[in-house]
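S.K.: Sequence:
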Amino acid sequence: MNDGDLRRKNRGEIDADSRKSAEMLKMLPDAFLFTGDGRQGNFVRLKFRPNPKYRPPSNESKVFHHMEGILLIDAKQVRLAKLSGILMSDVQFGFGILGKLQKGGTVEVVQSEVAPNEWEVSLLDVQISGRALFFHTIGEQQHEVKSQFEPIRPDLGVREAAARVASDSNQTMARSPGSR
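Residue numbers (the numbering used here): 1070 to 1249.
Derived by calculation from the structure, the hints in this document are not laboratory data. Be careful, since some hints might not be right.
Only pairs whose alpha carbons sit at most 30 Å apart, straight line, appear in this in silico DSS-like list of lysine-lysine [stated by the list, open to error]:
(1) 1145 / 1078
(2) 1122 / 1151
(3) 1172 / 1151
(4) 1145 / 1172
Across the chosen pairs, the derived CB separations fall in these ranges [stated by the list, open to error]:
(5) 1097 / 1145: 16 to 26 Å
(6) 1173 / 1075: 31 to 41 Å
(7) 1137 / 1228: 44 to 54 Å
(8) 1107 / 1228: 45 to 55 Å
(9) 1092 / 1155: 19 to 29 Å
(10) 1114 / 1228: 38 to 48 Å
(11) 1077 / 1124: 29 to 39 Å
(12) 1098 / 1173: 23 to 33 Å
(13) 1173 / 1230: 32 to 42 Å
Virtual Cβ for every residue (Gly too), placed ideally from N, Cα, C.
Turn these sequences into a full structure, and let the hints steer you where they fit.
M.R.: Spelled out as structure tokens, the structure:
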């Protein structure tokens, strides 16, 4: 809260993640072949698999391109609501010398409408493993859940926001089973 440099660094990391996510979304139409798979509630369900003609431009897109899975699309707003994929084959970097990710890894991203026409990532779950440079183990296990979105005043300051988060956290802990 008191460290402006740390806040800027954190904001930079969040912005970089957003840019990477946007790049991955942009590659979807070229990188995959899609087939309709009906509806799931209010969503259009699509199966995806790698497009053999696509040449991934980066290591991240190479990993992504080895996946098969399901997309759920909000047809009214033409928004991606969910991407769920599994790594269908090992992914090698530098002919396996630089690294290798093992088949079977999973990625799930869920976006939720948090306000009219405003969508945010509400679930990110990544479970991928492998090795890098011969023996270094890669274990990317990430599970983030975001919920209880609510609007705030545009003039809300950092201190007031921090106090509000602390208050909300204390209330959540008090309601949790097994808490004091």
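S.K.: Indicate, hint by hint, whether the structure satisfies it.
M.R.: Status of each hint after checking the structure:
{"no.": "1", "hint": "1145 / 1078", "verdict": "violated, 36 Å"}
{"no.": "2", "hint": "1122 / 1151", "verdict": "holds, 25 Å"}
{"no.": "3", "hint": "1172 / 1151", "verdict": "holds, 21 Å"}
{"no.": "4", "hint": "1145 / 1172", "verdict": "violated, 35 Å"}
{"no.": "5", "hint": "1097 / 1145: 16 to 26 Å", "verdict": "holds, 19 Å"}
{"no.": "6", "hint": "1173 / 1075: 31 to 41 Å", "verdict": "holds, 37 Å"}
{"no.": "7", "hint": "1137 / 1228: 44 to 54 Å", "verdict": "holds, 47 Å"}
{"no.": "8", "hint": "1107 / 1228: 45 to 55 Å", "verdict": "holds, 50 Å"}
{"no.": "9", "hint": "1092 / 1155: 19 to 29 Å", "verdict": "holds, 21 Å"}
{"no.": "10", "hint": "1114 / 1228: 38 to 48 Å", "verdict": "holds, 45 Å"}
{"no.": "11", "hint": "1077 / 1124: 29 to 39 Å", "verdict": "holds, 36 Å"}
{"no.": "12", "hint": "1098 / 1173: 23 to 33 Å", "verdict": "holds, 26 Å"}
{"no.": "13", "hint": "1173 / 1230: 32 to 42 Å", "verdict": "holds, 40 Å"}
The structure is inconsistent with the numbered hints 1 and 4, although it conforms to all the rest.
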